[in-house]
Amino acid sequence: DIQMTQSPSSMSASLGDRVTITCQASQDIGNNLIWFQQKPGKSPRRMIYYATNLANGVPSRFSGSRSGSDYSLTIISLESEDMADYHCLQYKQYPLTFGSGTKLEIK
Amino acid sequence: QIQLVQSGPELKKPGESVKISCKASGYTFTDYAMHWVKQAPGKGLKWMGWINTYTGKPTYADDFKGRFVFSLEASASTANLQISNLKNEDTATYFCARGAVAYWGQGTLVTVSS
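Chains B and E, in that order, give the protein sequences.
Numbering-wise, this note's numbering comes out as the position in the first sequence, counting from 1, plus 942.
Numbering-wise, this note's numbering comes out as the position in the second sequence, counting from 1, plus 5.
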């Protein structure tokens, strides 16, 4: 199975900060990675697909990038509504595997 | 618009069974797979497997082989998840998600407690 190592597990940042969350894949997954945002009591919302593509309706302050086996989700200017859990998911092969999640809090 | 509407919360005792439904609307049901995802309280997401909504063939992740069954009522555009012989560790929110996981149900909380 492909392991997705996500970091950090939690972080606190101030409004307007640049925030980066990372997932490292244990095997080659190409660009087959999705980033989700999940708010308390809600379903995950797809933010980025195919590693770098912004999903419909997602603010442009979110972006996804890849460097080798490292995948990043960046928020260039943090807003209060961005407080949430973030998860990565690889869909290169079955079983699909998620990262362990990042809890993002606002200072 | 595309919607996945899941059945309501369940409270069950250990050893009982539960069936969760996921009714799809706004698209052709058999055009997309349906995935199932588990989220234990305060934990991350875990992929359980998927069902081919055209053929009805299910595929289970290793941790979900045996007590878990994916099924369809295709005429009703509904996918079902049945869990038998419930254990305390099955307490979780279960989500259905359409193939490409762009659309998710609202989740169904299953609580297993004696």
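Heads up, some of the hints might be wrong.
[What the hints assert, rightly or not] Calculated from the model, a selection of chain E residues having no Cβ within reach of chain B, i.e. all distances over 10 Å:
id, residue
1, Asp67
2, Ala81
3, Ser82
4, Asn93
[Unchecked claim] Straight line, CA to CA, 27 Å or less: simulated BS3-like cross-link-like pairs of lysine-lysine:
id, chain 1, residue 1, chain 2, residue 2
5, E, Lys92, E, Lys18
6, B, Lys1045, E, Lys28
7, E, Lys17, B, Lys1049
8, E, Lys51, B, Lys981
9, B, Lys1034, E, Lys18
10, B, Lys981, E, Lys62
11, B, Lys1034, E, Lys92
12, B, Lys1045, E, Lys24
13, E, Lys51, E, Lys28
14, B, Lys1034, E, Lys48
Calculated directly from the structure, the hints in this document are not laboratory data.
Just so it is clear, CB atoms sit at the ideal spot from N, CA and C, and this is done for glycine as well.
So, going through the hints one by one against the coordinates:
With a minimum CB-CB distance of about 7 Å to chain B, Asp67(E) fails to clear the 10 Å threshold, and the non-interface call is violated. At roughly 21 Å from the closest C-beta of chain B, the C-beta of Ala81(E) stays outside 10 Å, upholding its exclusion from the interface. Taking the minimum C-beta to C-beta distance to chain B, about 18 Å, the non-interface status of Ser82(E) holds against the 10 Å cut. No Cβ of chain B approaches the Cβ of Asn93(E) within 10 Å, the least distance being about 22 Å, so the stated non-interface status holds.
Under the criterion of a C-alpha separation no larger than 27 Å, the hint pairing Lys92(E) with Lys18(E) is consistent with the structure, at around 8 Å. Straight-line distance between C-alpha atoms of Lys1045(B) and Lys28(E) comes to about 30 Å, which puts the hinted pair past the 27 Å bound. This hinted pair does not check out: Lys17(E) and Lys1049(B) have alpha carbons roughly 40 Å apart, beyond 27 Å. Distance restraint check for Lys51(E) and Lys981(B): the Cα-Cα separation of roughly 17 Å lies within the 27 Å cut-off, and the hinted pair is therefore satisfied.
For the given pair, Lys1034(B) sits about 37 Å from Lys18(E) by alpha-carbon distance, which is inconsistent with the 27 Å threshold. Proximity of Lys981(B) to Lys62(E) is assessed by CA-CA distance (about 32 Å); at most 27 Å being required, the pair is judged violated. Between Lys1034(B) and Lys92(E) the CA atoms are separated by roughly 31 Å; this puts the pair beyond 27 Å, and the hint is violated. Taking the CA atoms of Lys1045(B) and Lys24(E), the gap is about 31 Å. The hint is violated against a cut of 27 Å.
The suggested pairing of Lys51(E) with Lys28(E) holds, with an alpha-carbon distance near 21 Å, which does not exceed 27 Å. Using a Cα cut-off of 27 Å, the hinted pair Lys1034(B) and Lys48(E) holds, with the two alpha carbons roughly 23 Å apart.
Taken one by one, the earlier hints fail for this structure at numbers 1, 6, 7, 9, 10, 11, 12, listed in ascending order.
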